[in-house]
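Going line by line, the protein sequences match chains Y and V. Under the working numbering, the first residue of the first sequence is numbered 116, with each subsequent residue one higher. Under the working numbering, the first residue of the second sequence is numbered 6, with each subsequent residue one higher.
For the record, the hints were derived by calculation from the structure and aren't laboratory data. All C-beta atoms, glycine included, are put in the ideal place defined by N, C-alpha and C. Treat the hints with care, as some may be off.
Below, computed lysine-lysine pairings styled on DSBU-like, alpha-carbon distance capped at 35 Å [unchecked claim]:
hint	chain 1	residue 1	chain 2	residue 2
1	V	K140	V	K99
2	V	K131	V	K99
3	V	K99	Y	K283
4	V	K384	V	K269
5	V	K368	V	K384
6	V	K451	V	K316
7	V	K115	V	K140
8	V	K388	V	K368
9	V	K409	V	K208
10	Y	K283	V	K131
11	V	K99	V	K208
12	Y	K283	V	K140
13	V	K269	V	K368
14	Y	K283	V	K316
15	V	K391	V	K368
16	V	K409	V	K384
17	V	K122	Y	K283
18	Y	K283	V	K128
Stretch by stretch, here's where chain Y covers chain V in the computed footprint (C-beta under 8 Å, at least three residues) [what the hints assert, rightly or not]:
hint	region
19	116-128
20	337-345
21	457-466
Under 10 Å between C-beta atoms, here's a sample of chain Y residues computed to sit facing chain V [claimed, not checked]:
hint	residue
22	D264
23	F279
24	T284
25	N286
26	N289
27	R291
28	D296
29	A302
30	M303
31	R309
32	V376
33	R379
34	I387
35	E411
36	P420
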Amino acid sequence: MIALLTSILAITLRAGTSLVYATMGEIYTENSGVLNLGIEGMMLLSAVSGFAAAYYSGFVWVGFLIAMLVGGILAAIHAFLSVTMRANQVVSGLSITLFGTGMASFLGQRLGPESNNYYLAGMVGPRLQTISIPGLSQIPVIGALFNQDILTYIIYLLVPLAWFYLYKTRNGLNLRAVGEDPQTADAMGINVTRTRYIYTIIGGLLVGLGGAHLSLSYTPGWSENITGGRGWIVIALVIFAMWNPGRAFLGALIFGGINAVQFRLQASGTNIPASFLNMMPYIMTVLVLVLITWWEALSKRIGAPAALSTPYMREDK
Amino acid sequence: MDNQQLQVVLEMRGITKRFPGVLANDKVDLTLNAGEVLALLGENGAGKSTLMNVLIGLYRQDEGEIYLGGKRVEIHSPSDAADLGIGMVHQNFKLVRTMTVAENIILGLKDLPFIPKIQEVTKRIKALSDQYHLKVDPSAYIWQLSVGEQQRVEILKLIYRGASILILDEPTAVLTPQEAQELEHVLEILTSEGKSAIFITHKMEEVMAFSDRVLVLQQGKLIASRNTDETSPQELARLMVGREVLFRLDKEPCQPGDTVLELKDICAMDNRGLPALNDLSLEIKSGEILGIAGVAGNGQNHLAEVVTGLKKPSKGQVILNGKDVTQNSPLQMIQSGVSYIPADRIGMGAVGNMAVSENLSMKGYRKEPITRNGILQPKQITKFAKNLIELFRIATPTPATRIKFLSGGNIQKAILAREIDSCSGLMVAVYPSRGLDVGATESVRKMLLDQRQRGLAVLLISEDLDELLSISDRIAVLFDGRIMGVVPSEHVDSETLGLMMGGVPISALPDEAVS
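Model the full assembly from the supplied sequences, consistent with the hints where possible.
So this is what it looks like as structure tokens:
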């Protein structure tokens, strides 16, 4: 029993890590008033380029670096379209997802070694190693927290720091003002355009990191559609989190947890069809999301940044 | 401030600002002395806001210089202006609703530490709010505050940032008379400490009450400068519009007929499920204008929505011409002869991207001759529109011009034309002259009086006391979704109305105030 719980918690964290990074990124982007629906495409393209970079360089960190770069560039394109060109952010985001998905699939069939017909799928490259913390990792159940890769450990620090930055610092205050009321922010001398660019790109870097965590740690290697729609789950988690980094961690763990439980069920040889079990994390996410938002709406909590997905233009005659 | 030595703090010389097709400011000169309150008076589009936007750095002047304390300055942005001690309270407040007062006050400050010490900020805000009689709770969220309190936050924000020149854009438009008086007091304290203020307005009363000196702008030109105590509202009005203005409209005595609308114990909820109207009862007879006074946000919009069928009351009855219409849809209300002039002209009253003619015929498209067998008849629409355009003197290049290109006054005239044309019983007008200049305001009010003469019942919701006093027959005061009292408009003064608008029920007022 204890062994089971320990393993479920371990998988929960491993499955949740990439979600936490991507969700954290999108929370920062959306708090600046930019809605980025391109996450699915950004994660896929980061996953494939990150894996390819690690495979050829032999260094896993090169993979992460390239993945962040790819995420950042795609986010910068989104920022250019939606902030500078004031394009419809939904359309811009969706086209980034379409581009990213197609491009990732294409690169997956071209970047591989000649011996494998240039396919990347099936190749084994370097992966992020699990670091067991001596002593702590031996504790029953909780020990799973200390038997993870470095990116999961960073989360323990990143989540509280991200919360503190957003709600307790000058930069966080200015960031939220830009997302809530860009007119006011502008009048108070905050550069709305610059702020939106910065946090959209920071968001992209984090999404890239999340995508690469899939192909370099969680399910090492490249396979078609490696994200399994996680990019969309991230969008849902941001709402679940009410744009608050602390709650994003919780949401990612719920998704990861359901994932872990269904893995265990499949491994135990149950009669329930595997595709039904695979579906569970998504259905549960939708259900939890509906319930939570409904409850939040009842208790009249403050919701999305008021200026989310609205381009800003200084009033001029 | 006669006893003080006049010291010029600000000088704008020959400011010219052009927009495509418009000369918004034409060589305007302005000087401001220390400890002075200067009024900028002018109609809509006279160039007052443009001039102040140049000063605050939102616009860049095409010609002219700005001198501060004798030194020439270049102001490229609002934060440049803030560094020079110039701050502005905009008409729509620049406050983030989901943040606290303290957070709003420190927002965007350059010398703020990376981790702001909110307690120290709060302490300083409290000290300043005591000093300047600007009472406000630093830890309250903006959405919890009344409009008057929000204005105080705006002024505190400027003082906190060390502004010595405060620009106020139509500061009393949203205040009760009592709150306006408090503002006057605040201005006195500010000027006694050597700070100066410029305020933009098109209201004479404000100029007379607040200012030491007044500049009158007309079509981008500075046409007069007066010391306030050497001028009169009549002279200023004449200077502003270039002709004498009627302050009292001639009004036939009221001859009320049958009851048209009766509201019985109406309760309604707002979108958040909070009570917006509480046991509200009213009646309006034909040939009568019932004015609804009150500070914006006390249930006015909900009242209009209940009467027009846009919102269902949670309790109570709406009776129109003796019939219970509580459950009627907006269409059924229109068909029963109810017309609606909404507060939000472009949002609810007109479709900005559609032609003037289409907007005018919008209520007739279910009937011939606008449509025949379900097909629109463009010729009939144009004919119908031309007729109304002429009748109501709507200034539009052609009937096919998109309505959003008209001025606010002409959009409002078009809406009035359509609603008057289709009205056969009750006219609901919400803030009908808001934001219009003196000329347009006058014609809107005349049109409403004409409808009363025609025997319609008019429900006039307004925040302009002069409007209510000059054209309505009875005035009901709305506060917090309740009626504080109903008084005949001839026997009431604005002070009594002001008290009721502040939540004092008529029963608590001394008898002589309302007799």
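Going through the hints against the structure:
no. : hint            : verdict
1   : V:K140 - V:K99  : holds (19 Å)
2   : V:K131 - V:K99  : holds (21 Å)
3   : V:K99 - Y:K283  : holds (21 Å)
4   : V:K384 - V:K269 : violated (45 Å)
5   : V:K368 - V:K384 : holds (17 Å)
6   : V:K451 - V:K316 : holds (29 Å)
7   : V:K115 - V:K140 : holds (26 Å)
8   : V:K388 - V:K368 : holds (15 Å)
9   : V:K409 - V:K208 : holds (26 Å)
10  : Y:K283 - V:K131 : holds (21 Å)
11  : V:K99 - V:K208  : holds (23 Å)
12  : Y:K283 - V:K140 : holds (26 Å)
13  : V:K269 - V:K368 : holds (29 Å)
14  : Y:K283 - V:K316 : violated (41 Å)
15  : V:K391 - V:K368 : holds (16 Å)
16  : V:K409 - V:K384 : holds (22 Å)
17  : V:K122 - Y:K283 : holds (9 Å)
18  : Y:K283 - V:K128 : holds (18 Å)
19  : 116-128         : holds (count 5)
20  : 337-345         : violated (count 0)
21  : 457-466         : violated (count 0)
22  : D264            : violated (31 Å)
23  : F279            : holds (9 Å)
24  : T284            : holds (6 Å)
25  : N286            : holds (7 Å)
26  : N289            : holds (6 Å)
27  : R291            : holds (7 Å)
28  : D296            : holds (5 Å)
29  : A302            : holds (4 Å)
30  : M303            : holds (3 Å)
31  : R309            : violated (13 Å)
32  : V376            : violated (37 Å)
33  : R379            : violated (42 Å)
34  : I387            : violated (42 Å)
35  : E411            : violated (13 Å)
36  : P420            : holds (8 Å)
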